[in-house]
Amino acid sequence: MYALVTLLRKELADHLGSKRFVILMALVSLSGLSAIYVAGQSIRQAVGDESTAQFVFLKLFTASSGVLPPFVSFIAFFGPLIGLALGFDAINRERSSGTLALVMAQPIFRDSIVNGKFLAGVTTIAVMLSSIVLIVAGMGLWMIGVPPSLEEVLRIIAYTLVTVVYIGFWMALAMMFSIFFKRITTSALAAIAVWMFFSLFMGIIAGLVADRISPIDQDQSDVSVAANEQTASNLMRLSPATLYQESIATMLQPNVRTLGPLTLQDIVGMVPGPLPLAQSLLLVWPQIVTMIGLMLACFAISYASFMRQEIRGP
Amino acid sequence: MSGQPVIEAVNLTKSYGAFTAVNKLDLRVKEGEVYGFLGPNGAGKTTTILMALGLTEPTSGTIKVCGLNSTRDALKVKRMAGYLPENLGFYDDLTASENLRYVGRLNGLSETEIKSKVPLLLEQVGIPQVADKTVDTFSKGMKQRLGIAAVLIKNPKVVFLDEPTSGLDPEGANNVLNLITSMSRDQNITVMLSSHLLHQVQKICHKVAILSRGRLVAEGPVDSLERQTFGKGKMSVELELTSTPPELIGVLQRLDGVASVERSGDRLLLLCDRDVRANISRTVAQNGSALLQMKILGHGLEEIYLKYFQEGGA
Ligand SMILES: Nc1ncnc2c1ncn2[C@@H]1O[C@H](COP(=O)(O)OP(=O)(O)OP(=O)(O)O)[C@@H](O)[C@H]1O
Ligand SMILES: [Mg+2]
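Quick mapping for you: the protein sequence lines, in order, are chains G and L.
Residues in the first sequence are numbered from 153 upward in steps of one, following this note's numbering.
Residues in the second sequence are numbered from 60 upward in steps of one, following this note's numbering.
Worth flagging that the hints you see were computed from the coordinates, not collected in a lab.
Please note: incorrect hints may appear among the correct ones.
What the hints assert, rightly or not - Derived lysine-lysine pairs resembling BS3-like cross-links, with alpha carbons at most 30 Å apart:
1) G:Lys171 x L:Lys192
2) G:Lys162 x L:Lys176
3) G:Lys171 x L:Lys199
4) L:Lys202 x G:Lys171
A quick note: this is a predicted structure, and the numbers were derived from the prediction, not measured.
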């Protein structure tokens with residue numbers, strides 16, 4: 153146990169003191185603050201006219217004035233990068249520098265190394281994200297002068313947790329590659345390739361496959377269009393990026409009532425208005441559980457393959 | 060404890076697929092011994108040491124350290140056994156002291172113990188002046204000394220040193236060898252060291268084992284090994300003559316003290332029980348030939364080593 157604590161402390165100190173962390177933190181805070189500033193400005197203009205809309209505070213995070221993307225988009229974009237940056241050389245750097253052998257020569261269980269790195273990574277992400285959310289929330293509060301309601305606070309906490317899981321998934325994935333590949337450049341490239349695939353090509357592929365499985369018929373009937381869209385969006389849910397986007401949209405926009413295309417049947421009888429938090433969570437529960445599952449799966453694979461590996465140096 | 064071997068391998072075998080890296084090895088190392096493990100590249104030295112520390116599992120057979128099975132009780136073994144890996148590395152961004160403290164913590168030492176021990180160890184290995192310098196500024200020799208300090212911090216009963224002098228200049232190598240001798244003499248630590256640099260092993264080891272292609276080909280104290288491998292001969296001499304009349308070979312063979320005569324090209328190779336060089340040169344002159352050159356090929360481990368290495372095809 154003392155060994156895990158020692159490893160965890162070392163890893164955390166390494167992360168939090170690293171240049172990498174400082175750069176990422178600066179980048180994300182800067183873009184986050186600008187996004188909130190722009191959103192705050194447009195909300196300030198809007199406040200007073202029409203409705204003093206509900207959930208103004210949440211709008212700070214999601215509203216876009218067109219000048220800059222909203223805060224949540226910045227995080228959705230940088231999140232995977234943060235995860236990859238924290239994990240891609242976790243094990244193979246220590247292997248090639250010979251420090252893995254140094255640590256393995258000490259009386260510790262082999263799995264403490266992977267566990268320590270994983271826990272330290274997730275903690276770092278949590279620290280980074282919660283401080284950024286606090287900073288931008290503070291600035292938002294100062295700009296619009298409307299304090300968040302309890303529900304808004306809870307929703308922001310839920311958003312932060314889900315984002316930690318999402319970034320944690322990318323870190324676990326990158327860590328897995330750092331165990332599979334002995335060379336740092338290879339593991340970095342592999343991690344970036346997966347990220348590119350999900351963020352750029354998944355949409356195209358989902359569209360193509362959907363056209364194959366449920367093609368839109370000649371006269372573009374509503375039914376066939378809807379079926380096609382449904383298939384495509386189901387396919388998209390294979391991507392962690394989609395799972396994340398759906399989760400946070402529901403979490404921060406209480407008006408989101410369903411995910412995916414609506415049919416008339418769905419809308420009939422629907423009471424317009426925001427969903428309570430519990431209902432929102434229920435709606436995206438499968439997405440959240442899947443993301444946690446993906447993160448744990450990457451961790452489990454890393455764990456199993458590290459336990460099997462020779463510890464021999466380069 | 061005395062009498063019982065500190066390291067004992069029985070029928071130890073390690074295969075990687077169809078390739079056998081260590082083949083039915085039997086070894087016993089007594090308490091307080093400095094045991095040299097010799098062999099060409101790929102002989103299986105590192106593999107054996109890794110098995111002794113429970114860092115890789117034997118395919119069959121067992122290895123015990125201090126009476127504990129290294130595979131089943133790896134953690135307990137690593138508590139008592141120090142290990143200097145062949146490509147040891149330290150955390151470059153930490154100082155020598157910080158690296159040592161980290162290793163101490165991984166061994167579960169208390170902070171007060173660590174505080175008092177670290178300066179003493181750095182003193183002992185002769186690098187107290189760089190205690191607070193980061194390791195990236197260290198020469199190879201300094202790193203190796205730090206490695207030995209890291210091995211000693213746990214008060215080991217036995218240490219495994221994998222090529223402790225590789226990459227060091229003669230002076231650096233000598234320093235390290237002296238450290239090894241003194242830890243065996245002053246602290247009664249059992250030492251197993253691997254190397255392919257014979258003269259070093261010869262100088263400091265009580266006993267040596269020669270490994271070739273995973274098999275133990277000779278084992279014992281240096282002097283007894285010589286007798287064992289050379290049969291009766293204790294010294295080999297090479298002669299270069301003006302001419303080699305056939306009868307000369309017969310005469311030399313019958314000379315008292317000469318065990319065998321072999322012709323290799325235009326030279327003669329003699330194995331002798333003792334120094335009979337005067338007799339040899341007289342005999343040559345009496346038989347109508349003249350001596351151009353007489354060379355002692357050595358009678359140390361070098362001969363044995365070369366003999367096996369040529370046989371091993373390495
Ligand atoms: N993971 C592995 N898979 C397959 N073969 C391996 C593996 N590790 C080592 N070997 C092989 O086992 C043999 C013994 O290796 P080992 O490292 O024990 O040799 P060594 O005596 O330490 O050599 P050196 O002097 O080069 O350090 C080598 O031929 C090596 O190629
Ligand atoms: Mg080796």
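Of the numbered hints stated earlier in the document, which are not met by this structure? The structure breaks none of the hints.
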